[in-house]
Amino acid sequence: MASGMKTYGKHRFPGRLFVVEGIDGSGKSTQLLLLQKWLESEGYVVYFSEWNSSPLVRDVTKRGKKKKMLTPMTFSLIHATDFADRTEHHIIPPLKAGAVVLADRYVYTAFARDVVRGVSPQWVRQLYDFAVKPTVGFYFRTPLEVAMKRILGGRNAIKYYEAGMDMGLSDDVEESFRMFQAHIIEEYEKMVSEFGLVVIDATRSIEEQQAEVRQLVSNALTGTKRTKVRRWLDLASLAKGSRI
Amino acid sequence: MARFSFFGQGLPNIDLGELKGKLVVLEGTDGVGRSTQIGLLKQWLENHGHAVLDTGMTRSALAGKRLKQAKEGHTLGPITMSLFYATDFADRLENEILPALRAGFVVLTDRYIYSLMARASVRGNDPEWLREVYGFALKPDAIFYLRLSVDDLVTRVLHSSGFDYWESGMDLHMGEDLYESFVRYQRWLLAEFDKMVEVYGFQIVDASRPIEEVFEDLHQHVARVLNGH
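Chains as they are written, first to last, in this note's numbering: chain A, 1 to 244; chain B, 1 to 229.
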């Protein structure tokens, strides 16, 4: 019997995994980008895990969303498929190689979103049992009104599923989004103690938040692989490859 | 009381009491003649006035096409592959099987979660995890396990399409030789199925016999299911 599947909390890798969670507009992606820059300048081997899954899985997700074919169950399963691909190809291999892996959103996003859509909380947690437990999971706690202001100021269109329009909360996209996100926040709050998420007060200044994040990450990096410490010159080339 | 139940944590917002039809599963390893028997059963049932839906793996509107392509390219990892199959299955369950059962159809399905679990399990997925993931599946009215020894299977496969990459488990890297790999993989699968017989209440049908004899046996079994036995 081939037996290779390790479950949440049972993986042992030389690398470290840091993830950021929070509702849209919480500023988590900005914080992760700043963390990445700092880790690279400190000489750590950093791998930024994006949702760049296999084109086949991505196509199904895109098509399902575009044609509104997804039920809460298939929405949950296709995202879990996508996440499995990310785990098997983009998270486990760099962790084995001793890298510092950074992830913008993780299993907790799925737990929040799927449960709000009516999927059993117990089932969705079991579904993601193959996921690697992060070294630290940061939760950027943001009042809904603060996040709404940031989103409505910046982005042009809120998408159908992002606004939870499939749930029939409201016919108005903005109102539906607001109601959906309020439920998401409730789920996140429940997960803080369940999964030991580290809460960052996302109403403070970007600098203050980043200083706290760097301190916490730094404490968790003892013994992690480093290359030579980079000099300022290298940062110019890094900047070109930056993702936002 | 509802006649149907879920294996575990079921689907949200489903009234099981509405399901009036019958769910009949044909299981077995590759090449045992499942699709031939389903074709015959469908014809026989329709002749007797039953509406029939026949369905099978990788046929969902959502994921079927891409899943087939994924198999051809074999680039997905074992957990990803399992969940891709689970997505395909969930889409068919919600959009084909449940509506047909609500409308009182006899649903004949070529393979069910048992094949998916057996294949994933030999590829290293945790069996306990698989059972939990498939907790949303409906328990069928009957599961007929068309059983064929590996020796008989080899003869049959040679007479038809030859050894296929996936049916030979070549992704498991058990050897370069297609025949060797096929035999080892199918033995492994067969052992997984045999383990499930008691756990899930499979009814074994000897598939080494001629098509007519297998059908004779099967249609009597199905008749009993329709009469509520």
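Treat the hints with care, as some may be off.
[What the hints assert, rightly or not] If the Cβ cut is set under 7 Å, some of the chain A residues that face chain B in the computed set are: (1) Asp59; (2) Met69; (3) Thr71; (4) Ala80.
Just so you know, these hints were derived from the structure itself, not from any lab.
Ideal Cβ placement from N, Cα and C applies to all residues, glycine included.
Hint by hint, here is what the structure shows:
no. : hint  : result
1   : Asp59 : holds, 6 Å
2   : Met69 : holds, 5 Å
3   : Thr71 : holds, 5 Å
4   : Ala80 : holds, 5 Å
Checked against the numbered hints given earlier, this structure breaks none of them.
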